[in-house]
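Residue numbers (my numbering), protein chains in the order written: chain S, 1 to 65; chain R, 1001 to 1188; chain P, 2001 to 2605.
In case anyone wonders, no lab produced these hints; they're calculated from the structure.
Please note that a few of the clues may not be correct.
Said to hold, decoys possible - Coverage of chain P stretches by chain R, computed from C-beta distances (three or more under 8 Å per stretch; other residues unrestricted):
1. 2060-2069
2. 2235-2248
3. 2294-2302
Quick reminder that beta carbons are idealized off the backbone N, C-alpha and C, glycines included.
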Amino acid sequence: MGGMPSPFRIGMWVFGGLLGLTAMEIAAANALPRPLPALAVLGVAKAGLILWFYMHLHQLWEEEE
Amino acid sequence: MSALREGHAIAVPLRVPRFGLWLFLLSESMIFATLLSARFILQGTYRPAELNQALGLAITLILLTSSFTANRAEIAIAHGKTSTFLRNLLATIILGILFLIGVVAVEWPEAMHFAPPSSGYGTVFFTMTGMHAAHVFSGVVILSLIYRLGRRGAFGPGRMWGVEGAVKYWHFVDIVWVFFYPALYLVR
Amino acid sequence: MRAFFPIGRGLLGGGLGYLIGAGMIAALRGQGLTAEPALAVGYGLGLIGWLLGVGMWEVWVREWLGWPVHQEEDRSWVRYFRFTTDHKVIGVQYLVTFLGLMLVAGLLAMLMRLELMRPGLQLFSRNQYNTVMSLHGIMMIAVAVATIVGGLGNYLVPLMIGARDMAFPRLNALSYWLVPPAALALLSTPWLGGFDSGWTAYPPLSEANASGQVLFNLAFITVGLSSILGGLNFLTTIAFLRAPGMTWSRLPIFVWSIFATSILSLIATQFVAVALLMVLLDRILGTGFFDPARGGDPLLYQHVFWFYSHPAVYIMIIPAFGVILEILPHFARKPLFAYRWAVGGFFGIVGLSFLVWAHHMFTSGMPSWLHAPFMATTELISVPTGLIFLSALGTLWQGRLWLRTPMLVALAFLANFLIGGVTGIFLADVPTDLHLQDTYFVVGHFHYTILGGMIFALVAGLYYWFPKISGRMYNERLGRIHALWFFLAFQATFLPMFGLGLYGMNRRVADYPSYLAGGNMLVSMSAFVLGASFVFLIAHLAYAWARGPQAADNPWRARTLEWQTTSPPPVENFPILPRVIGDPYGYGVPGSPYAWIAVAGGEGE
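The shape of chain S in the complex, shown without the other chains (with noise of 0.2 Å):
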């Protein structure tokens, strides 16, 4: 594992917060009496994962490799 170029790596990291935040969601949806304003932080924060270190949002404004 040690061995992986770190892309992967950061890769596995953005997967584990995005398990982590879809626990939080099931667990703000259970103790929470309305829960609609935290399920909405937590997807924002999701898709911005994803939109950032997924998607490579950045690239659009930074200069070409």
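Following the hints, put chains R and P in place on chain S, whose structure we already have.
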């Protein structure tokens, strides 16, 4: 003219198709934003208790995992590791098909009992999952075409726009579900 | 005959697709081939079959399978009947198709005026009248959305920014070839009972009427898709393919107008597609989006629909402003006044257009606390519009007006749009709108903005760019006669409508009380004269294209890039890409060149 056109196509930097794809995704996201708003406008935060929570969580995890493998496939081909690329791409396609089976073959027949399309919740439930499933299906078709091209050695470092575009589309479909899952299964 | 081979193959593919799709559903559900579910699925597969047959298969899809693509490089007239990727060919395809549609829809308007000439029912039953009215409406909406953007925009934007083609040439061809099946679907609705719900297709009527409604919705969605793809293409082209030195502040104003419009069509069109899709689902799958008995809300449709369709009127009018602001400096021989403010006006309209939709719904029964905010935002939109209008007036101010046909029509545009804009205020104000809603006052208002605005701009643009597109010159005397004829007939047709509306003439009805007979007779008579002016225009331009004298490369002595190449331009537009060094509208400004163009070794302004 042909040579000129082709030369033009090759000389175009990658940021041009990239920008076009982002615009397309922005436009597509309006469809899903409308459906999401319609769900809250028509049904508030109502959700039937009969929804199969285990299944909802399972297909969500399947789709998240497929984004993970799609990301690995993209990185692999950027580093020239064709076999890792193909393996991860195939995993993504299989996970996509599993998701479709979960929604269309398992969840829909169950939901027909407690929220048929002619009911209030069924209206938004079937339309949202249906529109999303149609996009997942198109994504599976696109990834399969990429897989076929990849096996013929069409991609490698520096010539992988097809992979990048298809994977971006796939992540986009995943993001839609990131919002649809809580809106359909978790809100109260 | 070889020329029509791709179209024939497309029709075959479309027919096969329809039969497979509709047949499958018909067999599954035990219904006929034109039952609504069969119709919808058949249309979808038929559309795919048409596109593959007409040329997408060998130009594009083969590439997805890893096979070589074949693109025939035919330089004869045959290329106009193919899946050609040259933006100039596509521009002409758009222009000809939509001018044809405009004539058909205009003919429908003549039929409506024939019916309305006298009180009582003469020509049609009430349902037939409403189908004719709806067809006229939706076809003219398509003409208004696509003719300037798709026709003039496709032809001119790459030329004006000094590019060789659009960013995505094949996508461009696809946008065009989505149009014919939609037109065919619309024109075949009368055989399915027509659709009597107008171009707005409000439920509950649109969920209870004849099956023609299904084809209407599908056709509208198809044209919407074409508009979205076109917008995407323009935005990318303008963002990335500008010639060296063509900074954002050196863009011709028409290019800016297309840019602003493209943002609207890219983002807003999806909403109407979803609204129409929801109607289809309600009809076909029995969902309950707009049926209160099934948990739905008919007002939701109006909100989603106008969330697109109000921005859509700016999709129609912003390019029209672009054409007019483009023409005025060239014929006033003066720099464009307040260029930056006009561009700001475009973007002000784009932003505000998303905040005004519910002013179409003051009488719909929506919550009354929404009235004041929407009235305020609607009136606010006159500020950016005013900036654009003042830019036009400032350009004329103390200019040396060169009154050729394009300029005459452009001046007529300003007069028409003024009336259209001022009458709009009465419709934006809630107290007056409550009385004017659904009367001929509204009909007069939007014909002043769309026909008097957008179509006048289109005609001005057609005259202005005709020598560039065709390489021939139209007849100036006939052009001036037409400009005057067009303007006067237009006023005589639509000015009385305001009065009719004030006196209580309802829109979308085949009959009216007999005290309105005089005004309606006047409107009908003028409308026939107006209709004839369009036939005259098309005949004149068609004749000039075939027989007119050879046009110079730059007959208007204009500075913008499209005039610095040959008429018509070569396939690659410019043998060597121009380098832009100055202001596009620096007329009369000493020592202000616009661009260096290498023509056969020489350098010139």
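Need the list of violated hint numbers for this structure, in ascending order.
Result: no hint breaks.
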